[in-house]
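**Q** One-letter residues, chain by chain:
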Amino acid sequence: MKLMTKARLKSPWVLHYDCGSCNGCDIEILAALTPRFDAERFGIVNIGDPKQADVLLVTGPANRRNYKVLQNLYSQMPEPKVVVVVGTCGCTGGVFYNCPNVLGGVDKVIPVDVYVPGCAARAEQIVDGVVLALQKLVEKSERMEEES
Amino acid sequence: MVELMSLNTVLSIIFVIAAPFLGGLLTGLDRKVTARMQSRVGPPLTQPFYDFIKLWGKQPFIASRFQPMLALGYLAFILTGLILLAFGQDLLHIIFTLTLADICLIAAAYNSKSPYSNLGGRRELLAMLSYEPLMVLTAICVQVITGTFLVEGIFEYGRPLLLVVPAAYVAQQLVLVIDMKKSPFDVAGSGHAHQELVRGVYTEFSGYTLALVEAAHWTKLVFILSLISLFWAQNLLVGAGLALLLWFLAILIDNVYPRLNWKTMLKTTWSVGFFLILANFVALIILEVV
Chain B
1 MKLMTKARLK SPWVLHYDCG SCNGCDIEIL AALTPRFDAE RFGIVNIGDP KQADVLLVTG
61 PANRRNYKVL QNLYSQMPEP KVVVVVGTCG CTGGVFYNCP NVLGGVDKVI PVDVYVPGCA
121 ARAEQIVDGV VLALQKLVEK SERMEEES
Chain P
1 MVELMSLNTV LSIIFVIAAP FLGGLLTGLD RKVTARMQSR VGPPLTQPFY DFIKLWGKQP
61 FIASRFQPML ALGYLAFILT GLILLAFGQD LLHIIFTLTL ADICLIAAAY NSKSPYSNLG
121 GRRELLAMLS YEPLMVLTAI CVQVITGTFL VEGIFEYGRP LLLVVPAAYV AQQLVLVIDM
181 KKSPFDVAGS GHAHQELVRG VYTEFSGYTL ALVEAAHWTK LVFILSLISL FWAQNLLVGA
241 GLALLLWFLA ILIDNVYPRL NWKTMLKTTW SVGFFLILAN FVALIILEVV
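As you go down the protein sequences, you meet chains B and P in turn.
Reading the first sequence from the start, the letters are residues 1 to 148 in this note's numbering.
Reading the second sequence from the start, the letters are residues 1 to 290 in this note's numbering.
The hints are simulated quantities; they were obtained by calculation from the structure and are not laboratory data.
Take the hints with a grain of salt, since some may be wrong.
Claimed, not checked - The list that follows gives simulated cross-link-like pairs (lysine to any residue, SDA-like), each with its CA atoms no further than 25 Å apart:
#	chain 1	residue 1	chain 2	residue 2
1	B	Lys-10	P	Leu-25
2	P	Lys-32	B	His-16
3	P	Lys-32	B	Asp-38
4	B	Lys-108	B	Gln-76
5	B	Lys-10	P	Phe-61
6	B	Lys-6	P	Leu-26
7	B	Lys-6	P	Trp-56
8	B	Lys-136	P	Trp-56
9	B	Lys-6	P	Tyr-50
10	B	Lys-136	P	Thr-46
11	B	Lys-10	P	Ala-35
12	P	Lys-32	B	Val-14
13	B	Lys-6	P	Val-41
14	B	Lys-108	B	Asn-23
15	P	Lys-32	B	Ala-123
16	B	Lys-6	P	Phe-21
17	P	Lys-113	B	Gly-48
18	B	Lys-10	P	Ile-53
19	B	Lys-2	P	Ile-53
20	B	Lys-136	P	Pro-44
21	B	Lys-68	P	Ser-64
22	B	Lys-136	P	Tyr-208
23	P	Lys-113	B	Gln-76
24	P	Lys-113	B	Val-69
25	P	Lys-113	B	Lys-140
26	B	Lys-140	P	Pro-60
27	P	Lys-263	P	Gln-173
28	B	Lys-6	P	Phe-61
29	P	Lys-113	B	Pro-78
30	B	Lys-10	P	Thr-34
31	P	Lys-32	B	Asn-46
32	B	Lys-140	P	Trp-56
33	B	Lys-140	P	Tyr-50
34	P	Lys-32	P	Pro-258
35	B	Lys-10	B	Cys-22
36	B	Lys-10	P	Val-33
37	B	Lys-68	P	Glu-196
38	B	Lys-10	P	Arg-36
39	P	Lys-113	B	Tyr-67
40	B	Lys-2	P	Tyr-50
Required output: the full structure, derived from the provided sequences and hints.
**A** Below you can see the structure in the form of structure tokens.
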């Protein structure tokens, strides 16, 4: 494996955005980042800045109120980047499906790489999802190398 | 005929080249020690280098055309300061080179319209206002004792500085905590999860400009630690031990204290820090050491 790909794999910085979740999944995400699960041993850091992030963790259904914020955050992240949706709401709209102000799953607004279903998704599932996302990151990274 | 370089010159050159790598390893160790203090395993020791390489390979997002230059200037001025230090130059010049480096960082933060970045820059200015007077006062103390601002003067002075100005050494803890961007004085922006200003002064950096800033940070850490090690210049191993003691205490303080606001930072440094150094100074005069 190339050094650059290895470095990308070993240092995924996570941006967490809640676009209207009930906070159940957010609590689980934060649980996965706390000392109990110690995500930092894989180099995972929770960073608040989209310009410095590699992985976008989204919870909650896409809705008319803040979908532009979500698009804005996504467009501010430099390549290579991956998007992980956590929770049933984010995957399909969940219990809010067909509500007048809900657009549906997050993939209606931005391209999504990994879906982590569950209400709420468990911390282990979220870590699994991020590991899956890292495989996607490797693919994107290699594609970027080929293009350049 | 070109004369062969003396051993000291060779050592100085090796030190300057190795400084960024040493700083990176120290940062990795910092993260490991912090993790152990929170009963975690923590990232590998080489984690900062992985971060650096990754950031270097990211798609470049430049906030303004001047920003990469300023990020480079931040690193370059710190390296210049380190070279001045390694070759035993004037302490005041060394401190003012560090100031120039910080000015580069602040100018880069002001170089975009982002309000987070602007506020971070303002807070970084306040941080400078807090720790630089302490460094300059310490340098003046050293001048009064050794009769010169030159770093060489400290080496030529018979006794270790720690025995003459112990309180000034304690005051360096404040300088180190602010410089390492550790709680309680990390108002300008930190790597931790408190994100009320996103990432403060670093908000607008991304990709390779952030990598440059990280490298500058590592170098700055080694730079400040080597300044502190001058407190025992007669045996630099003891000096390095003294510096690493303060470094460890800074990590401990970081894990014990929450973030405090900029007013507390200014009040603490200007009262406790000034008092420590000035009391030491008065004691020297009363005891007729100088």
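**Q** Verify the proposed pairing of Lys-6 (chain B) with Tyr-50 (chain P), using a straight-line Cα cut of 25 Å.
**A** holds (8 Å)
**Q** Checking one constraint from the list: CA of Lys-6 (chain B) to CA of Phe-61 (chain P), max 25 Å. Satisfied?
**A** Answer holds: Lys-6 (chain B) to Phe-61 (chain P) is near 22 Å, not above 25 Å.
**Q** Between Lys-113 (chain P) and Gln-76 (chain B), is the straight-line Cα distance small enough, at 25 Å or below?
**A** The hint holds at about 15 Å.
**Q** Does Ala-35 (chain P) sit within 25 Å of Lys-10 (chain B), going by the straight-line distance between their CA atoms?
**A** holds (17 Å)
**Q** Compare the distance between the alpha carbons of Lys-32 (chain P) and His-16 (chain B) with 25 Å, and conclude whether the hinted pair is satisfied.
**A** With Cα atoms ~24 Å apart, Lys-32 (chain P) and His-16 (chain B) stay inside 25 Å; holds.
**Q** Taking only the CA atoms, is the gap from Lys-32 (chain P) to Val-14 (chain B) under or equal to 25 Å?
**A** holds (20 Å)
**Q** Does Lys-113 (chain P) pair with Lys-140 (chain B) here, judged by a C-alpha cut-off of 25 Å?
**A** violated (31 Å)
**Q** Could you grab the alpha-carbon distance between Lys-10 (chain B) and Val-33 (chain P) and see if it respects the 25 Å cut-off?
**A** holds (19 Å)
**Q** Next pair to validate is Lys-2 (chain B) with Tyr-50 (chain P); report whether the Cα-Cα distance is within 25 Å.
**A** Roughly 12 Å separates the two Cα atoms, so the pair holds.
**Q** Would you mind confirming whether the straight-line C-alpha gap from Lys-6 (chain B) to Phe-21 (chain P) stays at or under 25 Å?
**A** Status holds; Cα separation ~19 Å.
**Q** Does the alpha-carbon distance linking Lys-32 (chain P) and Asn-46 (chain B) stay inside the 25 Å limit?
**A** Distance of about 17 Å is within 25 Å: holds.
**Q** Next pair to validate is Lys-113 (chain P) with Tyr-67 (chain B); report whether the Cα-Cα distance is within 25 Å.
**A** holds (23 Å)
Consistency with the previously given hints fails for numbers 25 and 35, ordered from lowest to highest.
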